[in-house]
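> Here is what each chain is made of, one letter per residue.
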Amino acid sequence: MNALGYLVTRSFANGVLSRLRRLRQPKYLLGALFGAAYFYFYFGRILGGARAPFGPRAIPGTALGPEIGAAILFITTIVLSWILPASRAALAFTEAEIAFLFPAPISRRTLVIMRLVKSQIVLLFFAAFMTLITGRFHLGIEAWLRVGGWWVIMNTLNMHRIGASFALQRLRERGMADWKRRIAVVLALAGVAMLVEYTRRNLPAPPGIAATAQSGVTALAAYISQILHTGPLHYLLAPFRLVVLPNFAHDPATFLHALPAALGIMALHFIWVVRADVSFEDAAIESAKKRAAFLAARGRGELRAQTGSAKARTPVWRLRPTGFAPVAFIWKSLLKSGGRRTLSRWAVLFIALAAGAWALRIAGERQPGNLPPAVIWIAAVIGVGCYVTLLVSFIMIGQHSAAQLRQGIATMDLLKTYPIPGWQIALGELFGPVALGTLMQWCALGIAMLILGTFATATRHMPMVPLIAGGIALFLPAFNFSMAIFPAAGTLMFPGWFRPQENSGPGLENTGLRLMMGVGQLLAVAAALIPVAFFGALAWFAAGKFTQVLEWQALSAGGTAILILAMEACLGVAWLGSLYDKFDVSGES
Amino acid sequence: MIAVEGLTKLYGDVTAVSDLSFTVEPGKVMGLVGPNGAGKTTALRCISGIIPATHGRIEIDGHDLHKDTLAAKKLLAFFPDEPRLFDYLTVRQHLEFTARLYQVRDAAERSRELLDALEMTEKANVLPTELSRGMKQKVALACGFLHQPRVMFFDEPLTGLDPLAIRRTKDLIAAKARDGVAIIISSHLLHLLEEVCSHVLILKRGKKIAHGTLEEIRAQFREGDKDSTLEEIFIRLVGEDAGK
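Protein chains in written order, with this note's numbering: chain P, 1 to 589; chain C, 1 to 244.
If you are wondering where the hints come from, they were derived from the structure by calculation, not from laboratory data.
None of the values given here were measured: they were computed from a predicted structure.
Note that CB positions come from ideal geometry on N, CA and C, so glycine has one too.
Fair warning: there could be bad hints in the mix.
With a Cα cut of at most 30 Å, we get these calculated DSS-like pairs of lysine-lysine [claimed, not checked]:
no., chain 1, residue 1, chain 2, residue 2
1, P, Lys290, C, Lys207
2, P, Lys336, C, Lys136
3, P, Lys416, C, Lys67
4, C, Lys74, C, Lys123
5, C, Lys123, P, Lys582
6, P, Lys416, C, Lys123
7, C, Lys123, P, Lys290
8, P, Lys289, C, Lys207
9, C, Lys123, P, Lys289
10, P, Lys336, C, Lys207
11, C, Lys74, P, Lys336
Quick partial rundown of chain C residues pointing at chain P, CB under 7 Å, derived from the structure [to be verified]:
no., residue
12, Lys73
13, Phe78
14, Arg84
15, Arg100
16, Leu192
Same shape as in the complex, but just chain P (with noise of 0.2 Å):
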């Protein structure tokens, strides 16, 4: 066997080994457990025969529309590739890689071929998982026949985009400006277009909206159908079906039949990739080294990597040497979510919605009842977009907070030796997030009650909306506290289990080990609730006893609520602290 082969076979026999060993660690045992529990009832169902969760339909009476579909869908693929990229070509390989096969005595192709086989296993599992996904499991032998067709599907198109970042690399060499090339894809997709509207214009009209309404899709489907198998665009699009059709066999004669000319166009796409020669070797190099930077930030818990471009930021306020220590986390928390610059923007789109949901409101008191749909339309979008932005804020600023901490925890050596106490470290870690999340929620709130005043003027005269907004307002940042808190004390008393370099991979294990903070999350928060829930509850009859007005037991409810949840969030943080004082760097290092 060759080194190339070597090193292929051995580093994927010793991955799955290595995974397989570490099922000895209880979090990795545990999270497989998880991870196969949620696929064994998520896909178990497709496996029994169900449907899929999300998937294509079969059409009645129309076979060909899956087909064309999924052609188009590849041509779109294909198109793409040549338009956008505007780097130089890459062929992915890692800095370990570069390090030994880039300076040995290996020519250029054996090192494209090395890429391609290697890439085999990714596609191989991609294929099956798509065939899962689109609900075909349970069809048999079909089954197979679907990975198969996947799998040409996937190679084709991975060899496609190689092939044309190569002829890219070299259009660039001799003198092509990428704008040229881009003009020159986007003329040739007009003329396809033109055709596309000649070939229409000389059949029959199509089906109106009323009758694809009551037939389904399937005159729509059959009337794209015949534009797509008439005149030239029948010749133009043969390839792409040819590719696509053994995906879409459903017994082994009809898949062996059509497979020949689908792996004569991947061949010529194989042959296409290995004869070009062109430098990939800078690129590959720039590609690596980024995506090392980005494997490093998601090791320390960011989203996303820092690059030597970034630019200083101006902070919101300028931070006074002496004071309150926790202030200094929180001004350097607002630096790095984008300092005062990223705070202004996003202060001058709050003011703009907010200008706009007030003139929305203006609009409904003048014509209650009345108002044009346009602005139904724009109302809407805007208010579905800050309750959106409030459900999703609820999980985010926890798992924003947890990672902050997981940064922190990098770091740990220097704050240790801080001279403050592990309580005001954890508040300030905390606070930034919390605070940054809660102003925009507070946001999203006012803008929605702005919204809410455009489609129902009455509650505008309503005392309980705002109160019942104001109430949510203020059990805001106590409840993001308390969000924070967990998934922060889960970081500090189990660093080995929270440690996302290692657990954001794929995986049966890694998505086990997910879905169990993120579960145990939720169960922390509903355990924290309780007892909020109680006190507002006792404190909502305690008041019945003295007065009947529902305003006055609400608030006095919603009070009790929040005071409680804030005492939980003090609590949390002072646990926090104690954690942090305790937390053992070495065990870390």
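Got chain P sorted already, so can you dock chain C onto it with the hints?
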């Protein structure tokens, strides 16, 4: 002054550091040496309050590190082997942040002086990603010096630096010692320690096997060769553990 008495650090059944005692007077520089895994970094982390000691007493300028943690920490500075900086803070912002943590009243003036002394004034508004390793080391030094600590701990301070940076760092350490700061340096670069340290402590498997001034150690372990270097004595003492 640093006073350590009976410092022991256990990890389960494993003893990382065992019954370590020594003092470092103001103005003195102690070299902490030993083969890999001898417990140098663990000892340094315990003494600087990063990790708790299992047993023993550590005093920083008279403050018990365990009982009076914050007061003790205000007086010390720890410099890890790899300068760890915040990606999104410029050099100046690092100093502002550190000033707030240590409540340094005249931070602006001190920062200016430090940046000048470390030839970093031109880089004051630059992010760490644009700095070389040596420059990052300078930022870490500036942050550590800002609150004028009375005690300093350096973990492998010279690793990865070019000869000029090594010379500057050594000069800085020597200058701080002249100002009366008690310093502990952990390093493998023995010939360089010989130049900077007033005395040396050699650790082997968590235990102190030699401690004293360089002359005292030479006199005690030279075995006939009066011109023995610290490196020769070290290899003789740690024997089979060296080079692990």
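> Would you mind marking each hint as holding or not holding in the structure?
Structure-based check of each hint:
1. P:Lys290 to C:Lys207: Violated, at about 44 Å.
2. P:Lys336 to C:Lys136: Since the Cα atoms of P:Lys336 and C:Lys136 sit roughly 19 Å apart, the hinted pair holds (cutoff 30 Å).
3. P:Lys416 to C:Lys67: Holds, at roughly 15 Å.
4. C:Lys74 to C:Lys123: Holds. C:Lys74 to C:Lys123 sits at ~27 Å (cutoff 30 Å).
5. C:Lys123 to P:Lys582: violated (37 Å)
6. P:Lys416 to C:Lys123: holds (27 Å)
7. C:Lys123 to P:Lys290: Measuring from Cα to Cα gives roughly 25 Å; hence the hint holds.
8. P:Lys289 to C:Lys207: Violated, at about 42 Å.
9. C:Lys123 to P:Lys289: Answer holds: C:Lys123 to P:Lys289 is near 25 Å, not above 30 Å.
10. P:Lys336 to C:Lys207: Not OK: P:Lys336 and C:Lys207 at ~44 Å, beyond 30 Å, violated.
11. C:Lys74 to P:Lys336: Distance ~26 Å between C:Lys74 and P:Lys336 Cα, so the pair holds.
12. Lys73: holds (4 Å)
13. Phe78: Result: holds, 4 Å to nearest chain P Cβ.
14. Arg84: Since the shortest Cβ distance to chain P is 5 Å, the answer is holds.
15. Arg100: holds (4 Å)
16. Leu192: At 23 Å from the nearest chain P Cβ, C:Leu192 fails the 7 Å test, so the hint is violated.
Violation of the numbered hints given earlier is confined to hints 1, 5, 8, 10 and 16; the remaining hints are satisfied by the structure.
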